[in-house]
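**Student:** Turn these sequences into a full structure, and let the hints steer you where they fit.
Read top to bottom, the protein sequences are chains A and B.
Heads up: the first sequence begins at 1 in this note's numbering, then just goes up one per residue.
Heads up: the second sequence begins at 1 in this note's numbering, then just goes up one per residue.
None of these hints come from the bench; they were simulated from the model.
Check each hint, because a few of them may be wrong.
Stated by the list, open to error - A few chain B residues that don't get close to chain A, going by computed Cβ distances all over 10 angstroms:
1) Ile3
2) Met52
3) Thr71
4) Arg105
5) Glu123
Unchecked claim - Computed cross-link-like contacts, SDA-like style, restricted to lysine to any residue with a CA-CA straight-line distance of at most 20 angstroms:
6) B:Lys140 <-> A:Arg167
7) B:Lys140 <-> A:Ala174
8) B:Lys140 <-> A:Tyr44
9) B:Lys140 <-> A:Ser27
10) B:Lys140 <-> A:Asp31
11) B:Lys140 <-> A:Pro12
12) B:Lys129 <-> A:Pro12
13) B:Lys146 <-> A:Ser27
Quick reminder that beta carbons are idealized off the backbone N, C-alpha and C, glycines included.
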Amino acid sequence: MKITDACIYPYPSGDSSVRRMALEARSLGFDCLVAAGISSGNFYGIDVFNGVLLRDITLKDLVNRVRQVRDKNAVVSVQAGDNGFNRAVTGVNGISIMRGIQSADKTAFDHVTAKMAADNRVAVDIDLSPLISGRGVIRQRAIHRYRDILVLERRFEFPITLSSHARSVLEMRAVREISGLCSLLGMDTPEIEKAFAGVETISTPPDPAVRVV
Amino acid sequence: MTIRPPTLREKRRYILISVEPSGTIIDRKDLYHAVCDAITSLWGDVTAALIMPAVISSEGRYMIIRCRRGTERELSIALASITCCRENPIALRIVVASGTINTLRERIQRLQIPDTEPASPLEYMIGEKLFYVQYCSGQKVDLIEKGFKNTNRLFLTREDLEDM
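**Tutor:** Written as structure tokens, this is what we have:
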């Protein structure tokens with residue numbers, strides 16, 4: 001199992017270089033990172049995947065942009081929108097992660113979308129930044145939404161990823177601390193381990209339904 | 001009030017934390033307020049009263065925080081939610097927890113690493129801004145923008161500086 005932080009923003013989006021973030025991730029217990037706007041590579045023993053984040057975009061443009069992504073190791077993620085958009089997104093080939101579900105509409109992710117996400121192996125991202133830096137209503141709302149998503153995850157078993165959305169090494173958190181934060185959402189240890197391996201789950205091809213012996 | 005015998009005293013746990021970024025000087029009282037705010041915000045007053053946090057001592061970048069035995073988990077989660085202290089962005093990294101302060105002091109002695117030779121040159125032009133090397137340890141190099149206020153900090157490695 002590769003413990004992965006599913007979204008970080010290195011320099012120039014943040015104030016830390018990708019190498020420094022990889023160095024910090026190694027000391028914090030991570031094996032893998034998804035870094036926005038950085039070509040894939042290995043830094044100090046940490047696998048760094050290119051993270052492509054698409055937001056504020058129509059479905060037609062989204063399909064075109066996904067086709068243009070040439071990096072095979074790229075992890076393409078989409079900012080969640082309304083319910084119709086999210087359902088359509090889960091059906092688009094090449095989309096790996098749906099992000100920002102905590103700030104989307106209350107009905108943006110329902111049982112139908114959850115079923116489609118499970119069938120098409122589209123992960124739903126749990127952004128831990130509202131739990132780390134948010135206070136009051138922001139944090140309460142995020143916890144509520146994540147708990148709601150986890151109810152659907154237990155029923156339909158779609159992949160979950162965990163991300164710190166760190167723009168600095170100071171915003172990165174250790175694996176143990178993230179596990180503690182996830183326990184606030186009602187996640188038990190196997191669920192947290194599964195979520196840490198979420199990027200590995202979506203990047204490996206599924207076992208074939210029929211195997212010729 | 002007489003001091004209670006050891007068997008009647010409350011059991012405590014001591015948590016050793018390191019403060020990032022290196023070179024940040026934090027007052028114990030400021031850190032105590034930041035810890036209390038984080039605990040109260042996350043767990044509420046009742047749990048905060050149970051945890052009874054206190055900042056015991058500080059040695060360089062290391063600090064020792066005390067809590068009641070059995071509340072280490074709550075305290076560590078709350079510490080993860082601290083992002084700044086007196087408007088200075090910081091991160092608190094938990095190093096180890098122990099039942100005695102002496103053990104942690106011994107640990108600090110072993111952990112103290114002197115700053116390595118600074119990368120040369122000491123000043124770098126990034127974009128249109130001038131940065132100078134503020135801290136160096138192993139591969140890590142921290143740059144800070146030259147100026148009086150609103151100075152940005154960059155977290156890089158020696159390899160990054162060589163590539164410039």
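**Student:** For each hint, tell me whether it holds in the structure or not.
**Tutor:** Hint by hint, here is what the structure shows:
{"no.": "1", "hint": "Ile3", "result": "35 angstroms, holds"}
{"no.": "2", "hint": "Met52", "result": "19 angstroms, holds"}
{"no.": "3", "hint": "Thr71", "result": "13 angstroms, holds"}
{"no.": "4", "hint": "Arg105", "result": "22 angstroms, holds"}
{"no.": "5", "hint": "Glu123", "result": "18 angstroms, holds"}
{"no.": "6", "hint": "B:Lys140 <-> A:Arg167", "result": "17 angstroms, holds"}
{"no.": "7", "hint": "B:Lys140 <-> A:Ala174", "result": "18 angstroms, holds"}
{"no.": "8", "hint": "B:Lys140 <-> A:Tyr44", "result": "12 angstroms, holds"}
{"no.": "9", "hint": "B:Lys140 <-> A:Ser27", "result": "12 angstroms, holds"}
{"no.": "10", "hint": "B:Lys140 <-> A:Asp31", "result": "19 angstroms, holds"}
{"no.": "11", "hint": "B:Lys140 <-> A:Pro12", "result": "18 angstroms, holds"}
{"no.": "12", "hint": "B:Lys129 <-> A:Pro12", "result": "14 angstroms, holds"}
{"no.": "13", "hint": "B:Lys146 <-> A:Ser27", "result": "29 angstroms, violated"}
Hint compliance for this structure: hint 13 is the single one not met.
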